[in-house]
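Q: So you can see what is in the structure, the chains are spelled out below.
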Amino acid sequence: MSSAAIEFDHIHKTYKPAVKHWWHRLAKRTQDEGFKALNNVDLRVEYGEFFGLLGPNGAGKTSLISILAGLSYATQGTARVCGHDVVTDFRAARRSLGVVPQELVYDPFFTVMETLRIQSGYFGLHHNDDWIEEVLHNLGLTDKTHANMRSLSGGMKRRVLVAQALVHRPPVIVLDEPTAGVDVDLRRSLWEFISRLNQQGHTILLTTHYLEEAEALCGRIAMLKHGQVVALDTTDALLARVGGAGLEEAFVQIMREAGQATVESS
Amino acid sequence: MSDSTVVSRWGKSSRSGFYTLLYKELLRFWRVGFQTIAAPVITALLYLIVFVQVLQDRVQVYDQIPYVEFLIPGLMMMSMLQNAFANPSSSLIQSRVTGNLVFVLLTPISTREFFAAYVAAAVVRGLAVGLTVWLVSLLFVPIPVTSFVWVLVFGTLGSAMMGILGLIAGLWSEKFDQMAAFQNFLIMPLTFLSGVFYSIHSLPAFWQGVSHWNPIFYTIDGFRYGFFGVSDSSPWMSLAVVFGFFVVLTFIAIRLLDSGYKLRT
Chain W
12 MSSAAIEFDH
22 IHKTYKPAVK
32 HWWHRLAKRT
42 QDEGFKALNN
52 VDLRVEYGEF
62 FGLLGPNGAG
72 KTSLISILAG
82 LSYATQGTAR
92 VCGHDVVTDF
102 RAARRSLGVV
112 PQELVYDPFF
122 TVMETLRIQS
132 GYFGLHHNDD
142 WIEEVLHNLG
152 LTDKTHANMR
162 SLSGGMKRRV
172 LVAQALVHRP
182 PVIVLDEPTA
192 GVDVDLRRSL
202 WEFISRLNQQ
212 GHTILLTTHY
222 LEEAEALCGR
232 IAMLKHGQVV
242 ALDTTDALLA
252 RVGGAGLEEA
262 FVQIMREAGQ
272 ATVESS
Chain R
11 MSDSTVVSRW
21 GKSSRSGFYT
31 LLYKELLRFW
41 RVGFQTIAAP
51 VITALLYLIV
61 FVQVLQDRVQ
71 VYDQIPYVEF
81 LIPGLMMMSM
91 LQNAFANPSS
101 SLIQSRVTGN
111 LVFVLLTPIS
121 TREFFAAYVA
131 AAVVRGLAVG
141 LTVWLVSLLF
151 VPIPVTSFVW
161 VLVFGTLGSA
171 MMGILGLIAG
181 LWSEKFDQMA
191 AFQNFLIMPL
201 TFLSGVFYSI
211 HSLPAFWQGV
221 SHWNPIFYTI
231 DGFRYGFFGV
241 SDSSPWMSLA
251 VVFGFFVVLT
261 FIAIRLLDSG
271 YKLRT
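Chains as they are written, first to last, in my numbering: chain W, 12 to 277; chain R, 11 to 275.
No wet-lab data here; the hints were simulated from the structure.
Note that the coordinates shown come from a computational prediction; the quantities given were computed from them, not determined experimentally.
A virtual CB, placed ideally from N, CA and C, is assigned to each residue, including glycine.
A few of these clues could be false.
Covered stretches of chain R, as calculated for chain W (at least 3 residues, CB under 8 angstroms) [stated by the list, open to error]:
#, segment
1, 31 to 41
2, 79 to 86
3, 111 to 117
Calculated lysine-lysine pairs in the BS3-like style (CA-CA distance at most 25 angstroms, straight line) [said to hold, decoys possible]:
#, chain 1, residue 1, chain 2, residue 2
4, R, K185, W, K27
5, W, K47, R, K272
6, R, K272, R, K185
7, W, K47, W, K27
8, W, K27, R, K272
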């Protein structure tokens, strides 16, 4: 089978229980098996797709993205970006991937331009100002180029996070709830920019709680609950299940069915 | 924006992210140079003034060497060690608490490059502080240098050793009070009880024995040998101990980084 932009093969993830005292760790005295965040997830996102990953809080979306980004190790299974295994071929996998993290994080020591030059340098790109300026322009950050990160508003910091994910021109872009707490204006400009990148061939993986955004943007959607994929289909097919009543209705119905199935099987 | 943006340019990149991580770590302490370089120099000078005023005429450590001259290399090395420790430890704990460490973890930088960049930055800061203390002390007393090679070897190796220890402390600490405990209950006693202010030959036999178990004693003793050509232990013995600790700490730090200890879940 040829490689896809993103592949998850039988991914399991169990977080070990927190050990309160070091002597418990030494004695391995814990009965708790830990929290199972992902349970046999199989997913394949093709090149050029705009793919949505939906689910309630704690469904495993961020765990799945963290495994893809190398921030977390799968307990079992493999993940690949553009055919590169995220563990054994991590350099190529990370060069192919741009991640916009969920939390609004920044380094207060640097300006916007320094932040982006440093991020670009981490990928070995040391003369990348033309592209950085293009990204800044597209994200409406040109007049903030030399502003310190501390002085930016929350929305502006969010734009810089997106810019940081794009400095190395990754073919695959992951957006983990990028519009949480963001005003309408930024949301609209951000989606225009991301849609343009998708039209140019970038693969986009989006997680969001704003279902109207997913409905408008995503060609295919996977829904997660309790660490398992409970629905995987095109957006149109998911909407057809509820007679076109909207993705929110489809989401509620699928989650309810998944909940009932869990109760019946247990 | 052209269609070429679809193609990742990583294949054209020949340089590693190591240089940028090193540059970022250097820039980070340079930006707050008053705190990271000037402040430790002032502290060292205060020690110099106070101890020399009190002990100058009462203490004779080595023949022909006034106490003030004996003290300066010790203060230089103490400042270097403490600042080499502080550089990676404070950088890591701040990055962890603010969450921006993720920007490094998402990149193709390997654990070896990560290790090398943080330790190299620690060595640069250590040497910068040591050099500044020396230059300022020249205003008071010019001290001789018998062997620049020994001075440089112990200055670099001692700073690297403490930089690695700072890296380990930064990985282990999740909160600022854990880092403070590491500094106050381990680093501070080890540096103060390492012969900065005295020769261990002036100690009772028991404490002389204890001092020989302190690796920081050997960094200071070897460093002082580079200035005066005399020391409490053989410089080769000191070099063997400091290099041995450097190797052991390198092994531990690399193992922790490879395992993703407190970095990757």
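Q: It remains to establish, for every hint, whether it holds in the given structure.
A: Now the hints, each set against the structure:
1. Coverage of the segment 31 to 41 of chain R by chain W holds in this model, with 6 residues showing a Cβ closer than 8 angstroms to a Cβ of that chain against a need of three.
2. Residues of the segment 79 to 86 of chain R lying with their CB closer than 8 angstroms to a CB of chain W number 0, which falls below the three-residue condition for coverage.
3. Only residues whose C-beta sits within less than 8 angstroms of a C-beta in chain W count toward coverage, and the segment 111 to 117 of chain R has 6 of them, enough to reach three; the restraint holds.
4. In summary, the hint linking R/K185 to W/K27 is supported, as the alpha carbons are separated by about 21 angstroms, within the 25 angstroms threshold.
5. Taken as a hint, the W/K47 and R/K272 pair is honoured in the structure, with Cα atoms around 19 angstroms apart against an allowance of 25 angstroms.
6. Taking the CA atoms of R/K272 and R/K185, the gap is near 12 angstroms; set against the 25 angstroms cutoff, the hint holds.
7. Straight-line distance between C-alpha atoms of W/K47 and W/K27 comes to about 9 angstroms, which keeps the hinted pair within the 25 angstroms bound.
8. For the hint linking W/K27 to R/K272, the alpha-carbon distance of about 13 angstroms falls within 25 angstroms, and the restraint holds.
When held up to the earlier numbered hints, the structure conflicts with hint 2 and nothing else.
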